[in-house]
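There are 2 protein chains.
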Amino acid sequence: MEQVLSHLKAQRDAHLKWTRDLCAIPSISTKQEHRADVAKSVQFTHELCEKIGLKSRVMETGGHPLVYAEWTGAPNAPTFLAYGHVDVQPTGDLSLWNADPFEPIVKGDWLICRGSADDKGQVLLYLRAAEAWLKTHGKLPVNMKFLIEAEEEIGSPNLAPFVSKHRDMLAAEAVLISDTGMYKDGYPTLTIGTRGLVYKEVLVSGPTVDLHSGTHGGVIPNPTNVIARLVASLHDADGKVTVKDFYKNVVDASAEERKRLAELPFNEREYLDSLGPNTMPAGEKGWTTQERRSCRPTLDCNGIFGGFMQPGANTIIPAKAGAKISMRLVPNQNAEKIAAAFDETIRERCPKGVKLEIHSHGSADAYVTPIDSPVLKAAERALQDAYGQKPALIREGGSLPILPMFQRELGAPSILLGFASPHCNAHGPNEKAFIPDLDRGAETIARLFQLLAK
Amino acid sequence: MEQVLSHLKAQRDAHLKWTRDLCAIPSISTKQEHRADVAKSVQFTHELCEKIGLKSRVMETGGHPLVYAEWTGAPNAPTFLAYGHVDVQPTGDLSLWNADPFEPIVKGDWLICRGSADDKGQVLLYLRAAEAWLKTHGKLPVNMKFLIEAEEEIGSPNLAPFVSKHRDMLAAEAVLISDTGMYKDGYPTLTIGTRGLVYKEVLVSGPTVDLHSGTHGGVIPNPTNVIARLVASLHDADGKVTVKDFYKNVVDASAEERKRLAELPFNEREYLDSLGPNTMPAGEKGWTTQERRSCRPTLDCNGIFGGFMQPGANTIIPAKAGAKISMRLVPNQNAEKIAAAFDETIRERCPKGVKLEIHSHGSADAYVTPIDSPVLKAAERALQDAYGQKPALIREGGSLPILPMFQRELGAPSILLGFASPHCNAHGPNEKAFIPDLDRGAETIARLFQLLAK
Numbered sequence: 001m002e003q004v005l006s007h008l009k010a011q012r013d014a015h016l017k018w019t020r021d022l023c024a025i026p027s028i029s030t031k032q033e034h035r036a037d038v039a040k041s042v043q044f045t046h047e048l049c050e051k052i053g054l055k056s057r058v059m060e061t062g063g064h065p066l067v068y069a070e071w072t073g074a075p076n077a078p079t080f081l082a083y084g085h086v087d088v089q090p091t092g093d094l095s096l097w098n099a100d101p102f103e104p105i106v107k108g109d110w111l112i113c114r115g116s117a118d119d120k121g122q123v124l125l126y127l128r129a130a131e132a133w134l135k136t137h138g139k140l141p142v143n144m145k146f147l148i149e150a151e152e153e154i155g156s157p158n159l160a161p162f163v164s165k166h167r168d169m170l171a172a173e174a175v176l177i178s179d180t181g182m183y184k185d186g187y188p189t190l191t192i193g194t195r196g197l198v199y200k201e202v203l204v205s206g207p208t209v210d211l212h213s214g215t216h217g218g219v220i221p222n223p224t225n226v227i228a229r230l231v232a233s234l235h236d237a238d239g240k241v242t243v244k245d246f247y248k249n250v251v252d253a254s255a256e257e258r259k260r261l262a263e264l265p266f267n268e269r270e271y272l273d274s275l276g277p278n279t280m281p282a283g284e285k286g287w288t289t290q291e292r293r294s295c296r297p298t299l300d301c302n303g304i305f306g307g308f309m310q311p312g313a314n315t316i317i318p319a320k321a322g323a324k325i326s327m328r329l330v331p332n333q334n335a336e337k338i339a340a341a342f343d344e345t346i347r348e349r350c351p352k353g354v355k356l357e358i359h360s361h362g363s364a365d366a367y368v369t370p371i372d373s374p375v376l377k378a379a380e381r382a383l384q385d386a387y388g389q390k391p392a393l394i395r396e397g398g399s400l401p402i403l404p405m406f407q408r409e410l411g412a413p414s415i416l417l418g419f420a421s422p423h424c425n426a427h428g429p430n431e432k433a434f435i436p437d438l439d440r441g442a443e444t445i446a447r448l449f450q451l452l453a454k
Numbered sequence: 001m002e003q004v005l006s007h008l009k010a011q012r013d014a015h016l017k018w019t020r021d022l023c024a025i026p027s028i029s030t031k032q033e034h035r036a037d038v039a040k041s042v043q044f045t046h047e048l049c050e051k052i053g054l055k056s057r058v059m060e061t062g063g064h065p066l067v068y069a070e071w072t073g074a075p076n077a078p079t080f081l082a083y084g085h086v087d088v089q090p091t092g093d094l095s096l097w098n099a100d101p102f103e104p105i106v107k108g109d110w111l112i113c114r115g116s117a118d119d120k121g122q123v124l125l126y127l128r129a130a131e132a133w134l135k136t137h138g139k140l141p142v143n144m145k146f147l148i149e150a151e152e153e154i155g156s157p158n159l160a161p162f163v164s165k166h167r168d169m170l171a172a173e174a175v176l177i178s179d180t181g182m183y184k185d186g187y188p189t190l191t192i193g194t195r196g197l198v199y200k201e202v203l204v205s206g207p208t209v210d211l212h213s214g215t216h217g218g219v220i221p222n223p224t225n226v227i228a229r230l231v232a233s234l235h236d237a238d239g240k241v242t243v244k245d246f247y248k249n250v251v252d253a254s255a256e257e258r259k260r261l262a263e264l265p266f267n268e269r270e271y272l273d274s275l276g277p278n279t280m281p282a283g284e285k286g287w288t289t290q291e292r293r294s295c296r297p298t299l300d301c302n303g304i305f306g307g308f309m310q311p312g313a314n315t316i317i318p319a320k321a322g323a324k325i326s327m328r329l330v331p332n333q334n335a336e337k338i339a340a341a342f343d344e345t346i347r348e349r350c351p352k353g354v355k356l357e358i359h360s361h362g363s364a365d366a367y368v369t370p371i372d373s374p375v376l377k378a379a380e381r382a383l384q385d386a387y388g389q390k391p392a393l394i395r396e397g398g399s400l401p402i403l404p405m406f407q408r409e410l411g412a413p414s415i416l417l418g419f420a421s422p423h424c425n426a427h428g429p430n431e432k433a434f435i436p437d438l439d440r441g442a443e444t445i446a447r448l449f450q451l452l453a454k
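So the sequence lines, in the order shown, correspond to chains A and B. Take 1 as the starting number for the first sequence in this note's numbering and just add one per residue. Take 1 as the starting number for the second sequence in this note's numbering and just add one per residue.
You may find that some hints are simply not true.
Note: identical chains are not told apart, hence a pair may lie in one copy or across any two.
Heads up, simulated EDC-like pairs for lysine to aspartate or glutamate below, C-alpha to C-alpha not over 16 Å straight-line [what the hints assert, rightly or not]:
#, residue 1, residue 2
1, Lys337, Asp109
2, Lys259, Glu70
3, Lys390, Glu284
4, Lys377, Asp273
5, Lys352, Asp238
6, Lys355, Asp273
7, Lys352, Asp273
Hints were generated in silico from the structure; no laboratory data involved.
With the sequences and hints as input, model every part of the structure.
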């Protein structure tokens, strides 16, 4: 192990360059015009896998391609699957970035660029650890498979069919994933649950064209007013989501889990201040801020649009309007049923005289890792050894749609070792990764390979 | 009069070319980048005034310049002021236009382009009539002043100070305006009332940057949800506007006016179908469709925006959101008071934890022309002579913010002779004018000049 750790230390800068080079590729999977960039990020990853001594290939999925790589030279050792993704979210408003999102910058201990935290910086930790073992021992302590896709940010539409089709190739005792965050900066963290997701787009159209709001105002339904009413109707005065039967199957977090969560260090005022000036808590009454963001289901509008959106004034009854609305789900809420209930709720509430369309942008169930899994215990140990501190076990508010899918298709639980800072601002401007955590992450994975061999 | 009418007929094509040339200038006053085009449209109008024999000059206003022209060679005759504007609304979504909005097209009897109806096509009727009199008689039957501005579509912010400053220059018995529509195609129409306007923009900002909706969803106020709730709160279940004291000072239309309105030919189903497929009536309960669009106050969202508005999905808590909201007012609602009540209502309803800004994009009181005005009677006669039909007296749902201002500053009532088709789609795509109505409009104005001399 000493040799492996020395090697990781010596290769620190070279390994960081892998991340910088990968992050420089604007592989925004949600945007058609970045299709070639997404393919480029996959090719880069494939070549890196080959370079460090894995058997690797780029495989088609029907959508963006993915990388499958493996090292299976330990016939008597168990086999694990590492999963990650090399596609990224759109940049959003570029004026909010301090630099080009795709020109990685190192500022102090931080690597700043799109993908540094989610997930390029983290997925490469597995390749850093594998390279260290292969360079120093010529082999790994366990058999490792690597599945690195490029459609996570659009909901992994082709991953489930791919995994289903390649069950034998991908067979593993557990799936290792680093695509989550740390509880606090420097606080080693295992995520034992993620929320599910249902993402919908509601479009309302009324008059054939934008109309003069003087000549026709007050006469027919106005699509922007209708969309506002529909979105507003989705919460009641207590912040509860009003989608039909939304809470019906929710399994509440246990008293024990709520107690452990409450015991973790947490300064609510500091947290709120980190999001913006004078931020106040909001949301479902009866649950703490920590609970609302992890083990409670939520509904948020992610975008709303319609009519005249530029500076100035234009007096129109807009022809159409829309909203993007996503729901975060918790264990036992069935994403398909919630999606159907959402559609039904909107259809019931939409007034006559407008045309309603509801589109889906992906859905996924929530997931919980069995707390007694031996692989989870090994991961806990690896983190403790690398950080010198017992890790937090938390639930993540975000979604990893592929966790319940891996359980279903491979019968394998997922172990989530997260190394993204709580301030990494994934999906937002100036996304960043704390470089010492990337280093400790690589060490953790290298240690985990050995612990899993036992 | 015969000579004047013959001249108008002979010059029909030449006069139409004036309109086409003026409409070819993209004088969008709301857009900074079209500032030079707006100035060009003013210059064009000035040169046309000079060419036909008026004394004309371009005058500064502090904003876009305007044209003032006059012919005052009839010392014993009364003096009237013709008002119009040569700026236009933005084009909106260009893909909805069948051709370039600023390349005027004649298709059958229609002139299709931005400004053909509102108001370039109509304001030029006064110059056509003046030219016909001056060319055939060397003089006009009355003294005429012409005030043609280029800021109407942004609420005429500099017109009131200008008129106030030039009261003597502009002094007139009444103001003649053609910037309204016809009750039905071919139905001569005098508009005896216009609605007032208060145009507001509400901006809500929350987190400093867009946040990951998984990590932070359910914790703090989401600006897009907040803006939806604010907009939705502005109507109750009966379609009444809930702005504080909104209806307090409303003077309802008289029973006589409602009766006359109800007697006009109106096919509601046909009207609704003309706006879009399967359109249903909506709005304030207790009033007919005709009343809701003319003599009732309304509130409409003209645009709503925030967060991720492009195709695809982005799971964010948006940093900010906004809405453009305009209210149409009726006689005795004071625009300033309504504007203040709107601000107060929004401030009261906006939840803590977001930053709220409210901006104004202009306001104007409603206006009613005294029904016993002799100038109104003369206009009724001119229309009857030109069309062979008694004109409808209606209220227009749109706003002409300058009408109460002319009354206040010049003590002059406004007479609204409208020649825009109900299908002209002013402010929308494929705006158009019915050329025979432009011809009859020019004839009406030429006849009116004579009738006003008596």
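**Prompt:** Among the hints numbered above, which are violated by the structure, and what are their numbers in rising order?
**Reply:** 1, 2, 3, 4
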